[in-house]
Amino acid sequence: MRTVLTSLAAAAAGALVLTGCGGAGGADEYGTEKRAVTVDSGDEFTLKVPANPALGQNWYLAEPRPDANILKYRGKREEEEGGGSDSIGSGDGTQYFDFTALKSGKATVKLLHCPMASCHSGTESAAPFPNATAPGTTTMSPFPTATGTPDDLPAFFVYTITVR
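The sequence shown lines up with residues 65 to 228 when you count with our numbering.
Distance condition first, Cα-Cα at most 16 Å in a straight line; then the derived EDC-like pairs of lysine to aspartate or glutamate:
{"#": "1", "residue 1": "174", "residue 2": "162"}
{"#": "2", "residue 1": "112", "residue 2": "144"}
{"#": "3", "residue 1": "112", "residue 2": "97"}
{"#": "4", "residue 1": "112", "residue 2": "93"}
{"#": "5", "residue 1": "112", "residue 2": "143"}
{"#": "6", "residue 1": "112", "residue 2": "142"}
{"#": "7", "residue 1": "112", "residue 2": "145"}
{"#": "8", "residue 1": "136", "residue 2": "107"}
{"#": "9", "residue 1": "140", "residue 2": "162"}
{"#": "10", "residue 1": "170", "residue 2": "131"}
{"#": "11", "residue 1": "174", "residue 2": "97"}
{"#": "12", "residue 1": "170", "residue 2": "107"}
{"#": "13", "residue 1": "112", "residue 2": "156"}
{"#": "14", "residue 1": "167", "residue 2": "107"}
{"#": "15", "residue 1": "140", "residue 2": "93"}
{"#": "16", "residue 1": "136", "residue 2": "162"}
{"#": "17", "residue 1": "167", "residue 2": "104"}
{"#": "18", "residue 1": "174", "residue 2": "127"}
{"#": "19", "residue 1": "140", "residue 2": "108"}
{"#": "20", "residue 1": "136", "residue 2": "108"}
{"#": "21", "residue 1": "112", "residue 2": "162"}
{"#": "22", "residue 1": "112", "residue 2": "92"}
{"#": "23", "residue 1": "170", "residue 2": "104"}
{"#": "24", "residue 1": "136", "residue 2": "104"}
{"#": "25", "residue 1": "174", "residue 2": "131"}
{"#": "26", "residue 1": "167", "residue 2": "108"}
{"#": "27", "residue 1": "167", "residue 2": "131"}
These aren't lab readings, by the way, just hints derived from the structure by calculation.
With the sequences and hints as input, model every part of the structure.
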């Protein structure tokens, strides 16, 4: 009986080691549902957004870029899942924006969601546009700031990143 208990205890300890107290060793990922993110200085993290580039749905890091003293932008990557080789656009995909937290502070990351090829870069909507009703003045971007999940209209998704 004592051998069985010892074996069970060893197996339980091994399971704890394998599942670990931490993550899988990769960067933390945050989707569109969590836009207030807190990370530690030195942490790598990723903003993960749903996309289907084959159907013209893309995301862009918009201007103004995050404070380069607080966050280092490491780049964008994408993955496509599902769909067959004969059916273009039938699969779903994900785009990832990778960052490293450099030092304590707050930074804003602004992603532009562009469904159905409605925009082609993160800079085209960054600057104020001419206001047709009042010559010599400008208006804000024609794209709203999103408050929900991505839909069929272009929108900015604004993340507030706090680095401890």
